[in-house]
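2 protein chains.
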Amino acid sequence: MSDTDFDVVGIGNAIVDVLAHAEDTFLEEQDLVKGAMTIVDAATAEKIYGMMGPGIEMSGGSVANTMAGIASLGGSGAFIGKVCKDQLGEVFIRDIRATGVSFTTAPGENGAPTARCLICVTPDAERTMQTFLGACIDLGPEDVDDQVIGASKVVYLEGYLWDPPRAKEAFIKAAKTAEQAGRQVALSLSDPFCVDRHRDEFLDLVDNHVNILFANEDEIKSLYQVGEFDDALQHVRGHCDIAALTRSSQGSVVIASDEVHVLNAEKVDHVVDTTGAGDSYAAGFLYGLTQGKDLASCGRMGGILAAEIISHYGARAENNLKTVLNEKLK
Amino acid sequence: MSDTDFDVVGIGNAIVDVLAHAEDTFLEEQDLVKGAMTIVDAATAEKIYGMMGPGIEMSGGSVANTMAGIASLGGSGAFIGKVCKDQLGEVFIRDIRATGVSFTTAPGENGAPTARCLICVTPDAERTMQTFLGACIDLGPEDVDDQVIGASKVVYLEGYLWDPPRAKEAFIKAAKTAEQAGRQVALSLSDPFCVDRHRDEFLDLVDNHVNILFANEDEIKSLYQVGEFDDALQHVRGHCDIAALTRSSQGSVVIASDEVHVLNAEKVDHVVDTTGAGDSYAAGFLYGLTQGKDLASCGRMGGILAAEIISHYGARAENNLKTVLNEKLK
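If you read the protein sequences in the order shown, they are chains B and E.
Once you know that position 10 of the first sequence is 10 in my numbering, the rest is easy, because the numbers rise by one and skip nothing.
Once you know that position 183 of the second sequence is 1183 in my numbering, the rest is easy, because the numbers rise by one and skip nothing.
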């Protein structure tokens, strides 16, 4: 394997989050699927946005969050994703670059506006997401820079990319380029409903393209359509080199061909908002992996970062993650 | 392997339990180590017994509880353990036989009285045990019936047997006889403090004699003197054919050379008394194993039985376990 410029290159939906507190009754009244990410059109997004309480805007997007986390840890990264040349697009680009992540994808000129995700955080810290994909639907293989892919140790992709129509072509192109360059391909299953929408394609991906799979318990159970975590574990074993399966308060299970690790969750005094927990886990894990750490350490680093993100509002870190990690690993 | 008369033969301390509710302040005043099993002499047992609140007597003993559970499930079993020819000895023998377990160990004639275990159950459902070993210290290799051992699919031993001086000779004799007959040897580590007392010998046992190891999280961490469950998991892997590691509300992990299962705990509405949880888990697991079930099913059966026992007072089942199991496995 030749030298690399980046530890990880991520490809994902470039999204600005709008976070607001909401009661469970609001979710019921608006018929929102609690805990899930639902794709909505511009009109629905406008309607829900109008009814949400006072919120805050933050750059988001699952893989983009992970890349910001990796950069905060001191890793080097690049992000590929599509915004529009509008105000929120400017915000997104400024934020991702401010974390130290390289971002060079050309913004759309005349298409849909920059994507936004309306996130309702209920008192139980659960987040419910309505995503208007906007400019993300314009991401295509032409946006995938083969040179960046070939120069990154890992290419990390989100399952959400299967929702916009042409992003999957970008996805496949990137995976193949990575394989040819001897790089590793990592995938997050993103969301159990997303898995439901694209199960057959995801099963094929996991079998044929993915080296490192990230999934939470609901997602991996959805992928294999089983009711028990252990059944899913038996299914996933051997279908990719490494599977890192997160289980909320039950920690995570990391399984490789000849290794298994059952890791405790980090203690969190008060869970405020679970938005970004999986993204942060992936950041810690991938950072560890690209630094040559063993799998148990990678899983622990993921757990530490997830604990940081759920103890405050929003999906990007409030603390210097390098300090958080060093503190915990002391 | 030739035909067998018994699914499991257990060797353990034959003990009558005395259960009483107690406040945490009582444990503190009496300097009792919460959650642990402590060996006490006759005078201390007498003193604590005199100060405990109104209690109930029930036949107990870790392996004896497991054997009663296996019999209740429809498995065939035998138990080897030492009582005295006194009233509590009679109670113990009647109870174990009433479950359908074969018991033929000759009671001591003139030695110490039948063992008792004073169990304080605190409001958090935790049990704290003070054991006066009494007649148990007279168990020796002469009590191990080679024919029974050779005629049982599994010989199951408790780590507590390492506390009375001559029982370990019985233990080693039984293990060797089982090996020669092509039977399996199972061991429960019993208690983290027990592991602490006999660590080197237990490490040797696990390496050289034990096919199936039962341990809870504290015990396996104590055995390998590590702070994290996953570190213990890495240590135990490959040191015995099967390790079944219980984790309270986090369920259990079953690991074999080429298999791993991460199983959820069964839901319990209200945990009343954790006495016997590990014993019951072993009962479900060993019953499953001797019925030819796969390891995931064995672990689930263990979990179902543990959930039954902790939902009421005492270490022996209140419900027909066959019915409980069939209901849950439907």
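Because the hints were derived from the structure by calculation, they are not lab data.
Do not take every clue at face value.
Pairs of lysine-lysine, DSBU-like flavour, derived with a Cα cap of 30 Å [unchecked claim]:
no. : chain 1 : residue 1 : chain 2 : residue 2
1   : B       : 168       : B       : 85
2   : B       : 267       : E       : 1168
3   : E       : 1267      : E       : 1322
4   : E       : 1034      : B       : 267
5   : E       : 1034      : E       : 1047
6   : E       : 1328      : B       : 34
7   : B       : 330       : B       : 267
8   : B       : 328       : E       : 1034
9   : E       : 1173      : E       : 1085
10  : B       : 34        : E       : 1267
11  : E       : 1293      : E       : 1267
12  : B       : 267       : B       : 168
Since the model is a prediction, treat every value here as computed from it, not as a measurement.
Evaluated hints:
The suggested pairing of residue 168/B with residue 85/B holds, with an alpha-carbon distance near 23 Å, which does not exceed 30 Å. Taking the CA atoms of residue 267/B and residue 1168/E, the gap is near 40 Å; set against the 30 Å cutoff, the hint is violated. Between the alpha carbons of residue 1267/E and residue 1322/E the distance comes to roughly 18 Å, so the proposed pair stays at or under 30 Å and holds. Of the pairs offered as hints, the one joining residue 1034/E and residue 267/B holds, with about 23 Å between alpha carbons and a cut-off of 30 Å not exceeded.
A threshold of 30 Å between alpha carbons decides the hint, and for residue 1034/E with residue 1047/E the separation of about 18 Å falls inside it, so the pair holds. At roughly 29 Å between alpha-carbon atoms, residue 1328/E and residue 34/B fall within 30 Å of each other, so this suggested pair holds. A hinted pair counts as satisfied when its Cα atoms are at most 30 Å apart, and residue 330/B with residue 267/B qualifies at roughly 16 Å. Taking the CA atoms of residue 328/B and residue 1034/E, the gap is near 29 Å; set against the 30 Å cutoff, the hint holds.
This hinted pair checks out: residue 1173/E and residue 1085/E have alpha carbons roughly 25 Å apart, not beyond 30 Å. The suggested pairing of residue 34/B with residue 1267/E holds, with an alpha-carbon distance near 23 Å, which does not exceed 30 Å. Distance restraint check for residue 1293/E and residue 1267/E: the Cα-Cα separation of roughly 22 Å lies within the 30 Å cut-off, and the hinted pair is therefore satisfied. Distance check on the hinted pair: residue 267/B and residue 168/B sit about 37 Å apart at the alpha-carbon level, beyond 30 Å; violated.
Hints 2, 12, counting from the list given before, are not met by this structure.
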